[in-house]
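Based on the hints, put chain B in the right spot on chain A.
If you want the building blocks of each chain, they are given just below.
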Amino acid sequence: MKRATNIGQAMVLLAGFWAVLAGLTSPGLVAVGLPVAAAVAAWAGLRLWTDDEPPVMSARQWLRFAGYCVRLVRDIVSAAVLVAEKVLDPRMPIDPVLIVHRARFGREVSRVALANSITLTPGTLTVDVDGDRFVVHCLAEGFADDIRDGTFERRIRRVFEEP
Amino acid sequence: MSLFEAIRNAAAVVLVCTGSFFFLVGTLGLIRFPDFYSRTHGATKCDTVGAGSILLGLALLRGLHADVLKILAIISLVLLTSPTAGHALARAAYRTGLRPWTRLVGGGGGDAD
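Order-wise, the sequence lines are chains A and B.
Under the numbering used here, the first residue of the first sequence is numbered 985, with each subsequent residue one higher.
Under the numbering used here, the first residue of the second sequence is numbered 8, with each subsequent residue one higher.
Misleading hints may appear alongside valid ones.
Unchecked claim - Chain B is faced by these chain A residues, among others (derived, beta-carbon under 8 Å):
id	residue
1	L1005
2	I1060
3	L1082
4	T1103
5	D1112
6	G1115
Derived by calculation from the structure, the hints in this document are not laboratory data.
Given the structure is predicted, the values throughout are model-derived calculations rather than measurements.
Cβ coordinates follow ideal geometry from the N, Cα and C atoms, glycine included.
One chain only, chain A, in its complex shape (with noise of 0.2 Å):
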């Protein structure tokens, strides 16, 4: 059963990004589109997904996904204002350091995407991650607060490890 949904939401995927990409202009396009789809869905399904667990989530996982979205882009945003200020500053008063944060997930797409979100926010880069161990780069000190004091991995939490 779990399997079957797992399919069904890949194939779901998989033909809406084929329909945006064809622009679905013509009946022919879905006619090859959507068989498709389900055969790569089934397929790696079957076969991809065997030994690790699929990265699939459930529809309140994904509502609370989208509001991940957006207060991360706002992150991004007001940090990107931080480091363009250091970047313009003819002193450039930057004071790199490297932290070591640890967070404990159960599912692997947690640990990508808090290594994700972490370099996708400027002023921090995700330089290495084994096991719990996330190393960080950071640009100055105070970039890390968010890493440091768990409101990143709270987020993650919430989007991913809660049902």
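Quick look at chain B alone, frame taken from chain A:
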């Protein structure tokens, strides 16, 4: 041109200009920053803020059209791949033993000018 269209065009222009500004800043950072890691910051931020904002502006200019979905797909793919590439570069450097530049040590990895 109706008022609505004028506002839409103005917003698109503002977004594209903001994106270009951040591309400029990112490139300046790439040149000015002292070592590999901080330069990677500059390079990857061009993609997230610069390209993201420019593409949003273009989507706004296009209006209600299927192409907007394509642009949104490009944005989400850029936002997925650009940090991955930056992380891969930084990780390779870190695992090869390149030490980051700091104010205290001064020139740990690159030139500290």
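Here's how the hints hold up against the structure:
1. L1005: The hint holds - A/L1005 has a Cβ within 8 Å of chain B, the shortest such distance being about 7 Å.
2. I1060: This interface hint holds because 6 Å falls under the 8 Å limit.
3. L1082: Status holds, d = 6 Å.
4. T1103: holds (4 Å)
5. D1112: Hint holds; A/D1112 Cβ to chain B Cβ min 5 Å, cut 8 Å.
6. G1115: violated (14 Å)
In summary, the one numbered hint that this structure violates is 6.
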